[in-house]
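There are 2 protein chains.
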Amino acid sequence: MEMANDKSEGVLARWGEGLEAKFSKLKAKVIELFRKTKKLAKDDPRRIVHSLKVGLALTLVSLFYYFEPLYDGLGASAMWAILTVVVVFEFSVGATLGRGLNRVLATFFAAALGFGAHFLADLAGDKAQPIMLSLSVFFLATITTFVRFFPRLKARYDYGFLIFILTFCLVSVSGYREDEILNVAYRRALTILIGTFIAILICICICPVWAGDDLHSLVSNNIELLANFLEGFGGQYSNEWKENEVVEECKSVLTSRQTEESLVNFARWEPGHGTFKFRHPWKQYRKIGSLTRQCAYRLESLNTYLVTECQTPLHIRDQLKESCSKMSIESSKALKVLASAIRTMTRPTFPNPHIERSKAVAKDLKAALKIRPCDSGMDLLEIVPMATVASLLIDSISCIEKIAESVGELASLANFKCVEVGKSASMKLEQHQEQKLPTPAIVNGHCHVVTID
Amino acid sequence: MEMANDKSEGVLARWGEGLEAKFSKLKAKVIELFRKTKKLAKDDPRRIVHSLKVGLALTLVSLFYYFEPLYDGLGASAMWAILTVVVVFEFSVGATLGRGLNRVLATFFAAALGFGAHFLADLAGDKAQPIMLSLSVFFLATITTFVRFFPRLKARYDYGFLIFILTFCLVSVSGYREDEILNVAYRRALTILIGTFIAILICICICPVWAGDDLHSLVSNNIELLANFLEGFGGQYSNEWKENEVVEECKSVLTSRQTEESLVNFARWEPGHGTFKFRHPWKQYRKIGSLTRQCAYRLESLNTYLVTECQTPLHIRDQLKESCSKMSIESSKALKVLASAIRTMTRPTFPNPHIERSKAVAKDLKAALKIRPCDSGMDLLEIVPMATVASLLIDSISCIEKIAESVGELASLANFKCVEVGKSASMKLEQHQEQKLPTPAIVNGHCHVVTID
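Top line first, the protein sequences correspond to chains A and B. Everything in the first sequence is counted per our numbering, starting at 1344 for the first residue and increasing by one. Everything in the second sequence is counted per our numbering, starting at 1344 for the first residue and increasing by one.
Warning: the hint list may mix true and false statements.
Only part of the chain B face toward chain A is listed, based on derived beta-carbon distances under 7 angstroms [what the hints assert, rightly or not]: (1) T1402; (2) E1523; (3) S1644; (4) A1730.
Here are the simulated DSS-like cross-link-like pairs (lysine-lysine), alpha carbons at most 25 angstroms apart as the crow flies [as the list claims (entries may be wrong)]: (5) K1760(B) - K1497(A); (6) K1470(B) - K1630(B); (7) K1497(A) - K1630(B); (8) K1626(B) - K1372(A).
Hints listed in this document are in silico derivations from the structure and should not be mistaken for laboratory results. Being a predicted model, the structure only gives us computed values, none of them experimental. Glycine included, every Cβ here is placed at the ideal spot set by N, Cα and C.
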């Protein structure tokens, strides 16, 4: 009896434990979900606003159903307004405008063509009509689907082609059954227009998210991230830096291509806003972005040498170390100037003094290495990592120069404002002073002194 | 009089010329368009087949309108079948299945929820009903829109969430007007099912395009492209190679991330086909792909040193050149073995003999550089490019090792078949013979002889 009691108690206890374990697992999952949701909202609070805007737009269009006078005019076609809002409303103004315009234009063209097909088929007589209609649907769908593969058209008008096929099929085929086809089409077109209008209106009027703004800050941010990496890299011997964070951020530049590409496409739909005019040269951002990634590939290769222990004999190491450190810090400054030029929409000084200085350092280094006779017994292997770092940095300088050029192009295309004279004069002064600082080739007593031209 | 004649003749001649110029411009444009279309079709003939399939599917669903018995059952809801086919039919089977399942499941869930909201609002009385409905639409749309921002859900179920919002709004709101709401909903759901079924059927039965196959060959192809680059790089001093083509192809690896990502998502929807089982480890391809790109970043940095003129003193240059050449050729072979292991779905030999050999070369080179005393008067600068190439190649070897590991993981996850014994024995023999070949450290008489352990 006691044993049986013990057993049942044991079973109960195990059940209890099992339940508790499941409950605590569930609790952990709920907490995790809550944490993720919070992070998602915190990372970009515009997401919450966007969700509320979609809710509002849908509630607005659903009013068509509730108010007698509105519903009488549109009838069941009111459904198309809801459908349009759901499909057209996107996160950024550019995406919404692009989809909206694609939808409206494609609907009108396709409807016109559909009517044409319908009337032509009507002329052919009752028996031939379905065959004519089927053939027209087949050929139009086939050709339009193939056209969707053209990369340039796909990037901007893919949705339009989809709606074109859809509307053409609906209009030409429905015509076979519905007698009041013109009336039906009129009401549908009207509701699609209304839906698009409401979506675009709410998207623009309530806390608009401009793809152009996002693109602008993405591009300048990416340049800034590279600058941070180089700054950290240059200073790594002297002070601590949040290596992992900076490296991870720098890696995010490598994968930014797709986001950038779609932002460019969206931004081109947007009207002028804020400091951006209607025909802002958005395509130039694509060019700057791709050069930034070119530079990021170099830095990604540099990354391996971050933790390399250095045992190179003192004088060479000092020479290389100084030069590398100086080059990366100057490159970092150059990139920071470019990033802030984009951010503040001011013309960057050309030629960029920091680039010139890092080029001078590279030149000095080269000259120093060239004329310095090699000590016998020197371990070549120990120079290799440092030499690699130096080469990659010199490579990055030429990348940065290209970035500077394309930022310059952007500045002239978009008529960036010039820096005020006072500021630029003080910059020149600072530049003048800094140029007088001794270069490492001169500092390192172990080497021949090389003068800069 | 003559002058007037001359003038009018001149005007006519200019008009003629203008017309001719315009005509030839138009002609050139048409030819260009024709050329582009041909290239698009030639690059991937499946595009034509896909377009024809879409045309066929749409023609099939439009039959609902033409045949009396079919139309009587479905009525104007037949429109939803057309809409579904247009929206669901994608290029690959995985994408079509993903969209189809998303659409069907989301429609059913949302319809059930919509009915629930409708009946609840019905209970609240005539006046409160629109308010209740509006509130439910607002909250559901807001929450679902926010959920769409979760990256993981977005990748696979974004379309489903969109349809969920759409259907919920349509059902709950239409319920306010239509009395036969259950009947309407039934017919709509049926037509959506029919449309999805036709789209999936045609997509799978007529020349199916499997995203999994594409992913499989994309990943092995990318590895092969890197191998080609390294092969060309290793042999560049001795023979001519189509530099630009190989380099361009290698650059395409850098931008393959997005394609790969979407192919992984599509492939996961696909049933077993050909040599792939249902739960083929598609996610592992993502890992291999990202490691391949890591390696490609290194090679992209190498690219700069392709055309560097080499003036390093003979003995060192020979040492470095031989080693670099040997390393890149062995790395290239290692990558080719991995690519073909993926392509033929066989287990790669582990450890990979080519990787081991290139590691041995790297080790020899290091040892040789370490113990060889430096000649005085040697120009350090001239070693730097070569040293950089060597470092980057050594770096790539560790990348390639990681790729080999993850290909090994794929092989064991997907149960790749083992190579037959005879073949592997002959491979071992070949390996044995090759290992007896003298390494550059031994060949170059100028250096101390280093034995390999």
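A quick look at each hint next to the structure:
Proximity of T1402(B) to chain A holds as hinted, the smallest CB-CB distance being about 5 angstroms (cut-off 7 angstroms). For E1523(B), the interface hint is violated, since its Cβ never comes within 7 angstroms of a Cβ in chain A; the closest pair sits about 12 angstroms apart. The closest approach between the C-beta of S1644(B) and any C-beta of chain A is roughly 4 angstroms, which is under the 7 angstroms cut-off, so the hint is satisfied. Satisfaction of the interface hint for A1730(B) is found here, the shortest Cβ-Cβ separation to chain A being roughly 5 angstroms, below the 7 angstroms cut-off.
For the hint linking K1760(B) to K1497(A), the alpha-carbon distance of about 41 angstroms lies beyond 25 angstroms, and the restraint is violated. Our distance criterion of 25 angstroms between C-alpha atoms is broken by K1470(B) and K1630(B), whose separation comes to about 58 angstroms. Only pairs whose Cα atoms come within 25 angstroms are accepted, and K1497(A) paired with K1630(B) is rejected, the gap being roughly 29 angstroms. For the given pair, K1626(B) sits about 23 angstroms from K1372(A) by alpha-carbon distance, which is consistent with the 25 angstroms threshold.
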